[in-house]
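2 protein chains.
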Amino acid sequence: MSGEDFESLEKVLETCVPEAELREVRRLLFGKQLKKLNLPQSALDAAEEQDFDLKGYVFEASPEQLRPPRTVRVGLIQNKIVLPTDAPVLEQITALHKRVGEMVEVAAICGVNIVCFQEAWTMPFAFCTREREPWTEFAESAEDGLTTRFCIQLAKKYNMVVVSPILERDEIHGGTLWNTAVVVSNNGNVLGKSRKNHIPRVGDFNESTYYMEGNTSHPVFQTQFGKIAVNICYGRHHPLNWLMYSIHGAEIIFNPSATVGLLSEPIWPIEARNAAIANHCFTCAINRVGTVCATSHHDFGHFYGSSYVAAPDGSRSPGLSRTRDGLLVTEMDLNLNRQVADKWNFKMTGRYEMYAEELKKAIQHDFKPNIVKE
Amino acid sequence: MSGEDFESLEKVLETCVPEAELREVRRLLFGKQLKKLNLPQSALDAAEEQDFDLKGYVFEASPEQLRPPRTVRVGLIQNKIVLPTDAPVLEQITALHKRVGEMVEVAAICGVNIVCFQEAWTMPFAFCTREREPWTEFAESAEDGLTTRFCIQLAKKYNMVVVSPILERDEIHGGTLWNTAVVVSNNGNVLGKSRKNHIPRVGDFNESTYYMEGNTSHPVFQTQFGKIAVNICYGRHHPLNWLMYSIHGAEIIFNPSATVGLLSEPIWPIEARNAAIANHCFTCAINRVGTVCATSHHDFGHFYGSSYVAAPDGSRSPGLSRTRDGLLVTEMDLNLNRQVADKWNFKMTGRYEMYAEELKKAIQHDFKPNIVKE
Chain A
1 MSGEDFESLE KVLETCVPEA ELREVRRLLF GKQLKKLNLP QSALDAAEEQ
51 DFDLKGYVFE ASPEQLRPPR TVRVGLIQNK IVLPTDAPVL EQITALHKRV
101 GEMVEVAAIC GVNIVCFQEA WTMPFAFCTR EREPWTEFAE SAEDGLTTRF
151 CIQLAKKYNM VVVSPILERD EIHGGTLWNT AVVVSNNGNV LGKSRKNHIP
201 RVGDFNESTY YMEGNTSHPV FQTQFGKIAV NICYGRHHPL NWLMYSIHGA
251 EIIFNPSATV GLLSEPIWPI EARNAAIANH CFTCAINRVG TVCATSHHDF
301 GHFYGSSYVA APDGSRSPGL SRTRDGLLVT EMDLNLNRQV ADKWNFKMTG
351 RYEMYAEELK KAIQHDFKPN IVKE
Chain B
1 MSGEDFESLE KVLETCVPEA ELREVRRLLF GKQLKKLNLP QSALDAAEEQ
51 DFDLKGYVFE ASPEQLRPPR TVRVGLIQNK IVLPTDAPVL EQITALHKRV
101 GEMVEVAAIC GVNIVCFQEA WTMPFAFCTR EREPWTEFAE SAEDGLTTRF
151 CIQLAKKYNM VVVSPILERD EIHGGTLWNT AVVVSNNGNV LGKSRKNHIP
201 RVGDFNESTY YMEGNTSHPV FQTQFGKIAV NICYGRHHPL NWLMYSIHGA
251 EIIFNPSATV GLLSEPIWPI EARNAAIANH CFTCAINRVG TVCATSHHDF
301 GHFYGSSYVA APDGSRSPGL SRTRDGLLVT EMDLNLNRQV ADKWNFKMTG
351 RYEMYAEELK KAIQHDFKPN IVKE
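Read top to bottom, the protein sequences are chains A and B.
Residue numbering for the first sequence follows this note's numbering, beginning at 1 and increasing consecutively.
Residue numbering for the second sequence follows this note's numbering, beginning at 1 and increasing consecutively.
Quick caveat, the hints were computed from the structure, so don't treat them as lab data.
Careful, some of the hints might be misleading.
Given that identical chains are not distinguished, each listed pair holds provided it fits within a single copy or across any two copies.
What the hints assert, rightly or not - Within a straight-line C-alpha distance of at most 16 angstroms, the following computed EDC-like cross-link-like pairs (lysine to aspartate or glutamate) qualify: (1) K156 x E374; (2) K343 x D204; (3) K32 x E265; (4) K373 x D86.
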């Protein structure tokens with residue numbers, strides 16, 4: 001019972017733990033119990049027919065006197081690649097557009113306002129191979145590539161903000177590649193892009209073979225439904241990265257990722273959730289499912305999905321499946337952020353001035369650590 | 001089934017989840033399975049007789065060619081107060097010395113090299129009351145107070161480093177109070193002290209009624225058994241605080257705490273563990289058990305114990321009980337820190353120069369967040 005046989009932690013707990021204890025087990029593991037979101041039957045039917053999981057939860061906030069609730073519905077999509085990795089590049093891209101487009105249609109039926117796809121969603125996550133061809137052919141212009149044009153159509157059709165993480169080809173800087181999330185507003189305008197700030201050199205994934213540390217800093221996108229930011233994949237290991245998006249005002253930080261079981265699975269539920277707690281905001285962690293299937297490369301296990309949403313009060317949604325395509329819909333009242341911030345006061349008590357100074361000293365090559373000896 | 005009836009998550013899982021699934025549930029929740037530490041029967045007998053839990057686990061590292069294993073045994077002690085809060089102050093202190101002294105004796109039998117007690121361990125954690133008397137009478141000199149002298153005796157007797165978090169009276173600065181951890185070397189010398197860097201203003205705990213933000217920065221103590229630091233209580237919510245101890249070289253960061261169930265319990269397993277992962281070090285989270293019992297104050301629940309150790313590879317020990325006194329002994333090979341760091345490279349990829357600059361800008365009163373609008 002491991003690897004791909006094991007669908008999800010949540011399912012095992014529900015099956016095995018008696019109701020009397022389950023409530024407390026859930027509280028300890030997942031925080032405040034969330035209501036299930038009442039999803040339209042037509043959406044549930046469509047998900048079943050198209051063979052993906054569809055789940056929905058609600059993060060509530062307290063009523064306030066001066067602010068109405070600021071309710072937004074967020075959709076996270078995790079999916080396998082559709083065609084074999086040796087199919088023609090354009091066919092692979094088109095097949096993914098079709099698959100994810102159908103899932104977005106279901107998201108629209110569920111009233112989703114902002115949807116985010118997984119990291120490099122238009123391609124196999126083949127950066128372990130170190131091969132250039134055909135993988136670099138999946139790169140596109142962030143501003144007017146095939147995929148951005150597709151996302152603009154989706155955004156307009158469904159009045160939905162679309163966060164689209166792709167492999168970017170940057171023609172105005174010598175055709176450089178970047179790992180980039182494109183943010184399209186619900187009016188179908190490209191609001192901007194956010195590049196991956198931290199690049200892994202972990203095991204077979206030295207992604208700096210393909211692209212380097214992003215130069216877009218920590219942009220926050222003011223959408224009609226709230227202020228959002230995108231912390232791509234490996235950036236979730238860096239608490240300062242989350243912090244800086246939050247300091248720039250992000251209310252929801254997406255973390256589109258691609259990560260495999262033996263490497264990171266036990267730390268997956270910890271990092272994005274810690275970031276939601278530490279920064280008084282919502283975080284949305286998305287991981288793909290399936291295997292890389294890059295024919296030239298040895299097997300290194302499967303991407304374990306388990307996409308989830310974490311709230312500033314420490315509560316979190318159950319994860320999607322470890323193995324199946326899925327759409328997670330969460331309704332969140334963004335007023336919760338300030339309510340939790342006013343209670344816990346991490347920004348007020350953060351002493352950032354001290355840390356800015358200490359960090360500046362610490363990066364000097366002749367830094368002397370404060371080590372007390374006997 | 002909640003509150004004080006519920007002994008621990010780990011116990012429920014062991015009872016309810018079948019063996020076939022339990023292995024994978026444990027991996028997902030706690031990371032790599034730890035070996036149990038083989039503890040002497042005399043220690044187990046003493047613990048049972050003195051009515052406290054005693055548990056032991058081993059964190060292993062891979063063998064290296066050039067470095068021998070750097071094995072250290074660390075003991076965490078969580079306990080209730082012993083006498084009622086209206087007993088004479090000196091009697092309360094002495095009773096706690098006796099109780100914890102007995103537990104340290106058992107730690108010594110288990111071969112513990114470094115022991116850490118809970119926050120403000122010589123007193124009821126009565127800072128919710130806002131009353132000055134008698135609570136400020138529990139304050140002592142860090143250098144030569146009653147409790148430090150007691151810890152020096154323990155350290156010499158058992159050849160053990162003792163981390164002793166107390167309420168400090170700082171006579172050379174006008175008798176100011178601080179929340180301070182005193183570090184006594186295994187030779188019985190006061191190595192130094194580390195003051196609580198971040199002070200809560202949360203609910204009834206505005207501890208700045210008593211003491212302010214610490215001015216000792218982020219000292220790391222080079223002991224015979226490894227480099228240690230102390231991040232007291234509310235500092236665990238601040239990722240920069242953990243980071244800075246780590247940057248100064250800490251291999252083990254203790255987090256002596258006092259926190260109650262409804263406030264923080266679901267986030268307790270997340271924060272110290274995230275810090276171990278993010279900083280490639282061990283973290284030791286300690287929380288007291290029992291209630292405040294400060295007669296003048298309304299009931300706000302019990303301290304939920306659940307002390308645990310987290311490792312840089314994302315694994316963690318089970319928690320001690322939510323309700324009972326306990327001693328958690330972990331044997332850790334500190335070589336694991338560098339092994340994980342060399343694999344994940346968070347410091348190498350941390351881009352601290354960028355963050356030092358960004359943080360410096362962000363603290364200005366006229367800071368302009370990077371918000372992209374349509």
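Right, here's what the structure says about each hint:
Only between protomers do K156 and E374 lie at most 16 angstroms apart by alpha-carbon distance; the minimum there is 15 angstroms, versus 67 angstroms within a single protomer. When the C-alpha separation of K343 and D204 is checked against a cutoff of 16 angstroms, the pair qualifies only between copies, where the shortest distance is 11 angstroms, while the shortest distance within a copy is 43 angstroms. When the C-alpha separation of K32 and E265 is checked against a cutoff of 16 angstroms, the pair qualifies only between copies, where the shortest distance is 10 angstroms, while the shortest distance within a copy is 23 angstroms. Taking identical chains as interchangeable, the C-alpha atoms of K373 and D86 are never at most 16 angstroms apart, the minima being 60 angstroms within one chain and 40 angstroms between chains.
Checked against the numbered hints listed earlier, the structure breaks hint 4 alone; every other hint is satisfied.
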